[in-house]
Amino acid sequence: MSTNTTLTFSRRAFMRTSSLAGGGMLIGFNLFQACKPKAAPPIDLSQLNYNDFNAFIKIADNGAVTIFSPNPEIGQGVKTSMPMIIAEELDVAWKDVYVEQGILDTENYTRQVAGGSQSIRHGWDALRQTGATAKQMLVNAAAARWGVDASECAVSEGVITSAAGETLGYGDVVKDASMLEVPEDVALKEPKDYKIIGKDAPNVDIHKIATGKPLFGLDYKVDGMVYAAVVRPPAFGHKLVSYDDSAAKAMPGVLDVIKIGEKVRGLLEEDPSFSSKISSSDKVVVVAESTWQAMKAKEAIKAEWEEDTSLESTEEHDKILTDLLDGSTFKTERSDGNIKRAFAEADEILERTYESPFLPHNCMEPMNFFANVTEEKVHLAGPIQTPAWKAGLVAKMLGREESDIYLEMTRMGGGFGRRLYGDFVIEAAEISSTIKKPVKVVYSREDDMEDGIYRMAIKYRIKAGVKDGKITAYHLKEAAINDNMYGLIPNFFPAGAIENYQVDTANYRSNITTGAWRAPYTNFLAYAEQSFFDELAELMEADKIQLRLDLLDKVKPEEDERIQYSPERMKEVIKVAVEKSGWGAKPKNIYQGFVNYYCHNTHVAEVADVEIENGEPVVKKITCVVDCGIVVNPLGALNQIEGGVIDGVGHSMYGELQFENGRPTASNFDKYRMIRMREAPLVETHFIKNEYSPTGLGEPTLPPAGGAVANAFKAATGNRLYKQPFTKTPELLKVPSKEIIG
Amino acid sequence: MLKKNQSNQILVTSTRNQIEIQSIQETMPTYQIKVNGESKTVDVSEDTPVLWVLRDHLDLVGTKYGCGIGQCGACTVHVDGTAMRSCSMTLAQLDGKSITTIEGLSEDGTHPVQEAWKEVDVPQCGYCQAGQIMTASAFLENNPKPTEEDVKNAMHGNICRCASYSRIRKAVMIAAENMD
Chain B
196 MSTNTTLTFS RRAFMRTSSL AGGGMLIGFN LFQACKPKAA PPIDLSQLNY NDFNAFIKIA
256 DNGAVTIFSP NPEIGQGVKT SMPMIIAEEL DVAWKDVYVE QGILDTENYT RQVAGGSQSI
316 RHGWDALRQT GATAKQMLVN AAAARWGVDA SECAVSEGVI TSAAGETLGY GDVVKDASML
376 EVPEDVALKE PKDYKIIGKD APNVDIHKIA TGKPLFGLDY KVDGMVYAAV VRPPAFGHKL
436 VSYDDSAAKA MPGVLDVIKI GEKVRGLLEE DPSFSSKISS SDKVVVVAES TWQAMKAKEA
496 IKAEWEEDTS LESTEEHDKI LTDLLDGSTF KTERSDGNIK RAFAEADEIL ERTYESPFLP
556 HNCMEPMNFF ANVTEEKVHL AGPIQTPAWK AGLVAKMLGR EESDIYLEMT RMGGGFGRRL
616 YGDFVIEAAE ISSTIKKPVK VVYSREDDME DGIYRMAIKY RIKAGVKDGK ITAYHLKEAA
676 INDNMYGLIP NFFPAGAIEN YQVDTANYRS NITTGAWRAP YTNFLAYAEQ SFFDELAELM
736 EADKIQLRLD LLDKVKPEED ERIQYSPERM KEVIKVAVEK SGWGAKPKNI YQGFVNYYCH
796 NTHVAEVADV EIENGEPVVK KITCVVDCGI VVNPLGALNQ IEGGVIDGVG HSMYGELQFE
856 NGRPTASNFD KYRMIRMREA PLVETHFIKN EYSPTGLGEP TLPPAGGAVA NAFKAATGNR
916 LYKQPFTKTP ELLKVPSKEI IG
Chain L
8 MLKKNQSNQI LVTSTRNQIE IQSIQETMPT YQIKVNGESK TVDVSEDTPV LWVLRDHLDL
68 VGTKYGCGIG QCGACTVHVD GTAMRSCSMT LAQLDGKSIT TIEGLSEDGT HPVQEAWKEV
128 DVPQCGYCQA GQIMTASAFL ENNPKPTEED VKNAMHGNIC RCASYSRIRK AVMIAAENMD
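Listed in order, the protein sequences are those of chains B and L.
So the number in our numbering is just where the residue sits in the first sequence, counting from 1, plus 195.
So the number in our numbering is just where the residue sits in the second sequence, counting from 1, plus 7.
No lab work stands behind these hints: they were computed from the structure.
Think of the CB as a built atom: it goes at the ideal place given N, C-alpha and C, for glycine as much as any other residue.
Each hint should be verified, as a subset may be incorrect.
Output of the computed footprint for chain L on chain B, the stretches with three or more beta carbons under 8 Å from beta carbons of chain L [as the list claims (entries may be wrong)]:
{"#": "1", "stretch": "393 to 403"}
{"#": "2", "stretch": "463 to 471"}
{"#": "3", "stretch": "605 to 618"}
{"#": "4", "stretch": "862 to 872"}
For the chain L half of the interface with chain B, some residues (derived, Cβ under 7 Å), not all of them [said to hold, decoys possible]:
{"#": "5", "residue": "Tyr38"}
{"#": "6", "residue": "Lys41"}
{"#": "7", "residue": "Gly69"}
{"#": "8", "residue": "Asp128"}
{"#": "9", "residue": "Cys132"}
{"#": "10", "residue": "Gly133"}
{"#": "11", "residue": "Ser171"}
{"#": "12", "residue": "Tyr172"}
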């Protein structure tokens with residue numbers, strides 16, 4: 196499966212070079228096979244066209260290397276790690292590389308996206324080939340000047356040395372190199388020769404972050420820009436009837452109060468796919484000279500709302516989801532063997548139901564976006580995970596050509612899926628097109644939490660049959676609000692390990708907007724499934740680790756192409772986690788819980804260590820073993836892993852957004868609990884060292900954390916936890932208590 | 008049920024900013040304030056939180072808006088050396104005291120806390136980090152030899168959704184060693 200030396204692209208198809216007017220060479224390349232360059236890169240940097248290429252390297256006459264990083268940065272570290280891969284093959288010193296965020300223009304893109312932990316995995320081959328090809332051209336230029344064969348030249352940190360000992364820097368030959376043909380066959384480095392990949396590189400923006408430089412959408416400002424605060428429906432299901440803006444209009448700094456909604460409704464008619472992400476109601480917008488004036492005047496708008504569609508509540512959802520699980524409206528996502536017969540023949544059956552709530556994303560930077568719609572162009576700027584998609588929707592909504600859209604991506608103060616949707620981009624564009632001014636829409640924290648695109652509430656019911664000491668049947672049913680798990684998940688573990696296996700899904704259409712939330716679906720499924728296997732092992736009186744290893748022994752991906760996870764790599768993370776966590780060999784006052792999981796192409800095992808303090812279990816430490824293939828930037832990778840684990844612990848412990856009459860019952864951090872410093876466990880990470888192509892880390896360590904905690908709490912208290920967040924059932928977080936098994 | 012957060016000794020507690028609709032005929036007083044060692048004059052309504060004065064009127068955008076109610080710590084600044092939540096504080100309340108923001112913590116980003124942040128490579132998204140650094144630097148001024156428990160307690164009021172807590176802890180301990 197290692198693809199380190201496999202070339203899957205034709206370099207001609209994804210790279211072009213040209214010499215720059217100001218000196219130096221520009222290499223345009225495409226990270227993804229779906230993108231084909233149509234033109235040569237421009238000779239004037241101001242003409243950079245991301246329609247033709249989605250990333251660029253500039254090598255200046257003085258040898259300085261600038262890499263324009265194509266993908267949006269949400270804290271996952273790709274602005275550092277993607278350029279590192281190029282720099283490795285280009286053979287320059289990392290300290291000499293300057294990284295800039297690329298921009299977007301809007302035609303023909305398929306993946307200028309931050310999402311799904313896929314940037315590194317998808318970019319790996321193209322990034323390396325780009326660096327290696329550029330290096331070869333520079334070497335060829337030097338060799339030609341010396342009249343020697345290129346193979347006699349060596350390169351180190353941007354300096355080319357001939358066999359005779361002559362040297363030339365990249366800057367000395369870059370002009371010649373830019374005139375050369377792009378070579379077809381270039382060698383890629385062996386991992387053992389890596390000087391940048393696998394070494395710690397701090398975040399390229401660290402100095403700016405530590406000194407408070409403007410980086411984020413909320414920091415974005417242009418001359419003449421005004422600020423907008425939006426009065427949104429107070430509840431999902433509400434529609435604006437009328438409003439009185441007289442008090443607001445009299446307030447200092449208020450420039451205008453307008454109503455929006457018409458353009459969004461027009462867009463939704465044309466593109467109904469976005470209707471589950473944005474309200475079609477009219478909204479009232481206060482435009483003011485400053486953020487505070489806009490926010491304050493917004494509170495002075497007296498709006499009247501009516502019930503357009505039903506006002507839903509958590510209590511109703513709870514019943515609806517249970518009814519769905521009890522009902523028969525399922526879609527079968529995967530079915531192996533015959534579960535019905537296997538359950539009929541089983542000696543023992545275990546069935547359990549697991550429940551999760553809605554979750555807001557709570558990015559620390561509230562949603563915001565800048566728009567300036569003029570006749571000449573539509574200028575958009577701010578934090579967005581899916582710039583191309585949003586640019587397309589805005590063009591459609593405003594009846595403009597996509598080429599009219601100029602979109603700048605700022606660094607994002609968190610994304611976690613919330614910034615995939617960009618309802619705020621559409622809002623900003625409608626407002627600017629109405630007031631004809633450059634405007635920034637700013638959500639208050641209350642707007643952000645009350646008008647979210649939430650992780651939906653889901654219930655899983657899992658049933659397993661055991662016969663002659665073996666698991667013979669497994670049936671997973673999912674009941675979810677709005678959307679069910681996507682196609683890959685039914686093929687995750689334990690698919691392939693159990694002969695009679697079925698995954699069924701059902702859903703209920705709600706008017707509450709829902710969407711992806713860090714590690715969609717698996718963020719809750721991992722806990723449900725791995726709690727279930729723990730309990731199943733107890734029922735079977737089997738060793739919890741051995742049960743998992745035995746199941747993995749049965750998986751044959753070579754016989755079932757739907758199965759993406761590798762049983763061998765999974766077994767390895769399990770074995771290392773057992774060893775590193777001291778599984779089964781801890782002092783009596785430390786209780787452990789085990790989870791192994793695969794999602795987002797990465798294999799993970801986690802062990803939670805729990806101690807009892809004041810009669811309650813407290814998560815002290817998580818040992819996390821990760822197989823993500825080659826680790827591009829260990830310093831960044833560890834940060835992602837630790838963050839994902841602690842985020843997973845925090846949300847499974849505390850995260851919950853309830854609804855009453857269509858409205859969330861929490862709107863800020865005084866009523867919504869986030870994990871904080873004192874509750875954050877120590878995370879000890881171990882990487883499996885191998886030479887597989889790298890996979891992403893933004894998501895895969897989050898899902899297992901909740902399961903590891905639940906299993907450790909069971910060990911500590913005797914209580915199984917079937918509901919997230921765990922603090923929802925405080926009576927089960929007490930020690931001692933009676934065991935409830937079976 | 009959500010548990011009540013018991014962490015707030017260092018938080019400025021305030022409810023959501025109360026809006027008096029009746030008193031809309033506000034005056035726009037001129038304030039003289041001292042920010043990062045410089046005197047500034049601003050014309051803002053008297054209820055404008057210091058956070059928005061810094062961000063919108065003085066272009067000091069390093070101080071971040073997170074919650075507006077003193078719960079998350081993203082807006083932390085120093086007021087005469089004490090860490091305060093600028094979202095829940097007006098200029099009138101400053102009463103001549105001087106403010107230091109992340110931009111003025113050091114001239115070139117070399118304050119020991121900033122250096123430790125770089126050494127440990129704390130941030131992920133980075134948005135909350137100015138507030139974390141300002142909380143940590145004020146804390147260390149008064150507690151030069153903290154234990155890890157002290158650090159955890161001091162930093163408990165600042166939320167990081169990326170959960171970079173392990174590195175924050177480590178960086179504050181390193182900074183403590185390097186502060187005079």
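### Message
Of the numbered hints stated earlier in the document, which are not met by this structure?
### Response
Numbers 2, 5, 6, in rising order.
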